[in-house]
Each structure stands twice: as structure tokens, then as C-alpha cells.
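A.B. asks: If you're matching them up, the sequences are chains A and B in order. Mind the numbering: the first sequence is residues 59 to 247 in the working numbering, read in order. Mind the numbering: the second sequence is residues 187 to 331 in the working numbering, read in order.
The set of hints was computed from the structure by calculation and includes no laboratory data. Mixed in with the good hints, there may be bad ones.
Said to hold, decoys possible - Derived list of chain B stretches under chain A, where covered just means 3 residues or more per stretch with a C-beta under 8 Å from a C-beta of chain A:
| # | region |
| --- | --- |
| 1 | 230 to 236 |
| 2 | 261 to 274 |
| 3 | 293 to 299 |
| 4 | 302 to 309 |
| 5 | 312 to 318 |
As the list claims (entries may be wrong) - Cβ-Cβ distance ranges computed for the label pairs, FRET-style:
| # | chain 1 | residue 1 | chain 2 | residue 2 | range |
| --- | --- | --- | --- | --- | --- |
| 6 | B | 290 | A | 73 | 46 to 52 Å |
| 7 | B | 218 | A | 200 | 22 to 28 Å |
| 8 | B | 290 | A | 162 | 48 to 54 Å |
| 9 | B | 295 | A | 92 | 31 to 37 Å |
| 10 | A | 77 | B | 276 | 37 to 43 Å |
| 11 | A | 175 | B | 190 | 51 to 57 Å |
| 12 | B | 276 | A | 110 | 39 to 45 Å |
| 13 | B | 203 | A | 77 | 22 to 28 Å |
| 14 | A | 89 | B | 259 | 53 to 59 Å |
| 15 | A | 147 | B | 206 | 42 to 48 Å |
| 16 | B | 276 | A | 204 | 26 to 32 Å |
| 17 | A | 203 | B | 250 | 22 to 28 Å |
By construction, the Cβ of each residue, glycine as well, lies at the ideal position given by its N, Cα and C atoms.
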Amino acid sequence: MGMIAIAIARIHNLFAVVMLTGIFSLLGAAAYVIMDAVDVAFTEAAVGAGISTVLMLATLALTTSEEKPSPKKNVVGALIVVTITGAVLIYGTLDMPHYGDPLAPVHQHVADRYIGQSGTEVGLPNVVTSVLASYRGYDTLGETYVIFTAAIGVLAILGRGRFPRRREEDIAEDDAQKTPDETARETGA
Amino acid sequence: MKQKIILRVISKFLIPYILLFALYVQWHGDFGPGGGFQAGVIFAAGFILYAIIFGVDTVRVVIPAVVTRLLLVFGVLLYSGVGVAGIILGGNYLDYNVLAHEPTHGQHYGILLVELGVGITVASAMITIFCTFAGRGPEDPEEEV
Chain A
59 MGMIAIAIAR IHNLFAVVML TGIFSLLGAA AYVIMDAVDV AFTEAAVGAG ISTVLMLATL
119 ALTTSEEKPS PKKNVVGALI VVTITGAVLI YGTLDMPHYG DPLAPVHQHV ADRYIGQSGT
179 EVGLPNVVTS VLASYRGYDT LGETYVIFTA AIGVLAILGR GRFPRRREED IAEDDAQKTP
239 DETARETGA
Chain B
187 MKQKIILRVI SKFLIPYILL FALYVQWHGD FGPGGGFQAG VIFAAGFILY AIIFGVDTVR
247 VVIPAVVTRL LLVFGVLLYS GVGVAGIILG GNYLDYNVLA HEPTHGQHYG ILLVELGVGI
307 TVASAMITIF CTFAGRGPED PEEEV
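Okay, chain A solo, but in the shape it has when bound:
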């Protein structure tokens, strides 16, 4: 994954970059599977590797597929900042509990109840679904609103009415059918 990240930063052909980000997401999904988080891996593979890649490609079709070369200045300063930030992040992970540690704080709070009681309280075999849809119903509702808002935002910015293409053709046809007199009247001559 590190190699792919470096390649994404170095390559200027955006089409290859989009493909590599898709592969990066797929490797991330594989990492989640290794950590037994199958539901998360499923989402990562579907959204990260699938839909995001397609949306990026659609964006490339609208813009350009070649990155503009940026003027190289202050590379050393940026490298220092990145190195320090990375070191701080790694330092922050040092006192985190080990992976799968039963004494980790996250397992001391509500996880016991979810694993022990959800079978009788909710009655579903998949604990993840119980937590997602029942115990954490508000969170999931919020997530649904986020996706809804995203679609509304895209429609508000890029959408052009109910029938985008047809409307443009209609306008063109209307213009073609107008007599010169009408056009003159509309322009306020």
C-alpha cells in the first residue's frame, strides 16, 4: 500500500492515478478482512474501489486526464513538515493498546453488552447489523442524510432541471422556429 501511495504522488497521468486509488482501496479492504472486519471491508470494496473510481473517471471525462506540472519550490520545507507530522502520528500510536487486546478501553464500555445481550435484545445473528441499525440507529440515520445531502448537492450544482438534455434541444428548436421578427422583439429592439 505504501508503494502505491508513493506512485500516486509521483505519477502525473490522472487516469493511472484513479486506477491506483482503486487498487489502494481494494488493498485496504483486504486489510480489513485480515482484521476480521468483514462488513467494513465490504463497504470499502464497494464504495472505495468501485463507486469512487467510477465517479473519479466521470470527473476526468469532464475535465482533463493530465496533471499540470506545478512549479517546484520549497520542497525541503514541505518534506520537513510532512516528516514531523508523520513522526508525531507514529509517536501517538505508541501507547495505543495492541490489536485484539481484551483490556483495551474500547472493549470495556458497551461492547460486552452488544456481544452478550444483542442476541436476546435484538435477536439478529449479525451483531454488526444490530449495532448499526438498532443500537446506533441515530448514527445510521445521520449517515443516510449525509448521502441524501450529497446527491442533493450534486443535483443543485450540476443538475439542469428534470430533463437536462431534452430541455437544451427544446430551446434550440424554439430558437430555430422563431421568425426574425420575434427574436428582434424579445431582444427589446
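Starting from the structure of chain A, add chain B where the hints point.
C.D. replies: Quick look at chain B alone, frame taken from chain A:
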């Protein structure tokens, strides 16, 4: 990409199975990995594949813009409506226990409906976003992608 016969045949062969798998993920989320989010994305992926191969206008014949927009709202309203139903039946917002005579049955119905709302919203949101992106632009997007 309309002239690529292999892509056309294979995608036509695959799309029904993609949609079927999405429905499986949707309804089987209680027992295995999966749920509304993943199912919605997979369902949308079937339509997006169709749009890439046959063009956005063809997809808009299958599922018009009005339909996806209505479904987009319907999914959110279904989720919120389950919450309101909980209030009307004497519980808290999004309390599924009161939806049926037994609490676990109520939980089951509630989760099923809520996941369905999530799935419908996610699927129609993805189709809407893709078709809005790909339906405009300087070049013909289906040849570009």
C-alpha cells in the same frame, strides 16, 4: 463503447446477477455481512455499468430521473417514518421494540425497514450522482469513460 460486442454481451449477462447479489446482500444483512449501504452501492453499480456500456440516456429510459429522485426522498422518509412510527406507538424515536407485540419481532421489522430505506437512498443517490456527472460535459461521456 456501444460497438464493443464482447463488453455488451458480457455486461448484459452480468447485470442481472449484480442486481440479484445486491438484493441478497440487502435482505441477508441480518445474518451475514452486508446491509443497506453495501446493497445500495452494488445495486447502483449494476445501473452504472449499464450506463457506461450503453450510455446514460439508455439508463434514463430504464429508470427516469424523476424515479430516482422520488426514491431518493422515499428512502430517507422511510427511515425517518420508522422512527416516527415508534413515537406514535408509544416509544421513543427509532425505538423498534414497540413495532410488534414481541420486542425482538419489532426489532426485526424495524431493522428490515430501516435497512431498506438506507438501501433505496444509497442506490438512487449513486445513480443520480453518476448520471448527473456523466450526463453533461464537453465530450460524449460514454465514449470517454
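A.B. asks: If a hint holds in the structure, say so; if it does not, say that too.
C.D. replies: The hints, checked one at a time:
no., hint, result
1, 230 to 236, "holds (count 3)"
2, 261 to 274, "holds (count 5)"
3, 293 to 299, "holds (count 4)"
4, 302 to 309, "holds (count 4)"
5, 312 to 318, "holds (count 5)"
6, B:290 x A:73: 46 to 52 Å, "51 Å, holds"
7, B:218 x A:200: 22 to 28 Å, "25 Å, holds"
8, B:290 x A:162: 48 to 54 Å, "30 Å, violated"
9, B:295 x A:92: 31 to 37 Å, "35 Å, holds"
10, A:77 x B:276: 37 to 43 Å, "54 Å, violated"
11, A:175 x B:190: 51 to 57 Å, "54 Å, holds"
12, B:276 x A:110: 39 to 45 Å, "43 Å, holds"
13, B:203 x A:77: 22 to 28 Å, "24 Å, holds"
14, A:89 x B:259: 53 to 59 Å, "36 Å, violated"
15, A:147 x B:206: 42 to 48 Å, "43 Å, holds"
16, B:276 x A:204: 26 to 32 Å, "30 Å, holds"
17, A:203 x B:250: 22 to 28 Å, "24 Å, holds"
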